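Enquirer: Just so you know, the protein sequences line up as chains L and F, in that order.
Using our numbering, read the first sequence as starting at -8 and increasing by one per residue.
Using our numbering, read the second sequence as starting at 26 and increasing by one per residue.
No lab work stands behind these hints: they were computed from the structure.
Computed from a predicted structure; not experimentally measured.
Be aware that a few hints might be false.
Unchecked claim - Under 7 Å between C-beta atoms, here's a sample of chain F residues computed to sit facing chain L:
#, residue
1, 56
2, 60
3, 83
4, 84
5, 85
6, 86
7, 104
8, 105
9, 107
Heads up, the beta-carbon is just placed ideally off N, CA and C, and yes, glycines get one too.
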Amino acid sequence: MIRVVLPAHLRTLARVSGDVDLDVQGQITQRSILDALETRYPVLLGTIRDHVTQQRRPYLRFFACAEDVSHESPDTPLPDAIASGKEPFFIIGAIAGG
Amino acid sequence: MSKVRVLVGTRKGAFILTSDGKRKKWDINGPHFAGWEIYHVKGSPADPNRLYASQSSSWFGQVIERSNDGGKTWEAVDNKFVYDGVPGTHQWYDGTPHPWEFKRVWHLEPSLNDPDTVYAGVEDAAMFRSTDGGKSWQELSGLRGHGSGPHWAPGAGGMCLHTILLDPSNPARMFIAISAAGAFRTDDAGKTWRPINQGLTSQHIPDPTAEVGHCVHRIAMHRSRPDVLFMQKHWDVMRSDNAGESWQEVSGNLPTDFGFVIDVHAHQPETIYVVPIKSDSEHFPPDGKLRVYRSRTGGNDWESLTKGLPQSDCYVNVLRDAMAVDAFDSCGVYFGTTGGQVYASADSGDSWAPIVRDLPAVLSVEVQTLP
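Start from the sequences and build out the full structure, keeping to the hints where you can.
Expert: In structure tokens form, the structure reads like this:
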């Protein structure tokens, strides 16, 4: 089971509290996690990645095992600790703005 | 009519203010969508309990919320605003071509007779329509396809389509306004559009009387006379008596003709309201005095309304979607400020009192007069 930590505003939007547990099939990548997340919570469509380009929204970052993987290819396999659920996949809102 | 509901969009959430017909005691409900920018909340004239809200943030983009119970509960609906075809380019601030990019919904205008039909004015400027209560959106691409799109340019707040007026007497006719392109009209329900800017003069564009490029801030109409339009432009207050075919200036004796809001009295089609702002670089009232100006003659002859409004040290702004009127016999007028105050007048502007003083900066104010 993959664990995903959402920013507070997206937890509110998805009406969840705490981490989100996802059953993700196949290789564990940014894309497969986000696909599974959006399938389970369609309200998050467009809030993390652009609807059309699928690009990460500029003020969001993806962290895995204390590494910023935001600029990795969305199809790069994530570390085993993410795939096993030992470590969560973080979606982080930039500390910016007011 | 026995109740009034004021829908307030702010930089950090939405608020719903309710009162009875006396409009003295108010209940404040909110924040809804706390922490998000709420550019606009508006109710359906066909079903007052159907509300639409534009919720956005720089982090998470656009969300559209819908309520079926007057704002007690909300559900997110579709937020996919995709331009038809190849979006093309408009002018950037430096005059270079810039790709059309969706940023946010500025204004939601529900149909006059169908709660499931709603129009959205967006940045970068375009108009979308939903006919299923917000579950899907389609662009009315004839507007961007008018041909002048490559010459449109953003105003300081972005290239936004911020005003949508539906003609109550002609379902095929709509008016919209874009900063900084100008006003446009459709007579075929949005298939085709044409600019209606003849008579506007804007010194900030190379040809001050060009067909497009004008920074229109707001247009208003009275539903009994949809051919008569009132406009607050970047500078100048304007009026048209022929559905926008031509405009004439009616700034008259205003202390400054810069401003954002303009609205029309609910029962007196020649009574209009503006809030003069000092200038385009000093977005606050002249002399630190917050004054609404009222004309009972459709412009030119203006009186200042100050009773109950701060007359010293006031440096707030009143943004373009932040004024509305109710439909009580004694017409109520409402506006919100960037300082977080929402002011109400239950006597057509003669006197004012704050409903609430310390909200986040107010982006929009709409009013529903309820049975």
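Enquirer: Does each hint hold? Answer for all of them.
Expert: Now the hints, each set against the structure:
1. 56: violated, 12 Å
2. 60: holds, 6 Å
3. 83: holds, 6 Å
4. 84: holds, 4 Å
5. 85: Residue 85 of chain F check passes; min Cβ-Cβ to chain L is 4 Å, inside 7 Å.
6. 86: holds, 5 Å
7. 104: holds, 5 Å
8. 105: Result: holds, 5 Å to nearest chain L Cβ.
9. 107: At 6 Å from the nearest chain L Cβ, residue 107 of chain F passes the 7 Å test, so the hint holds.
Consistency note: the structure conflicts with earlier hint 1 alone.
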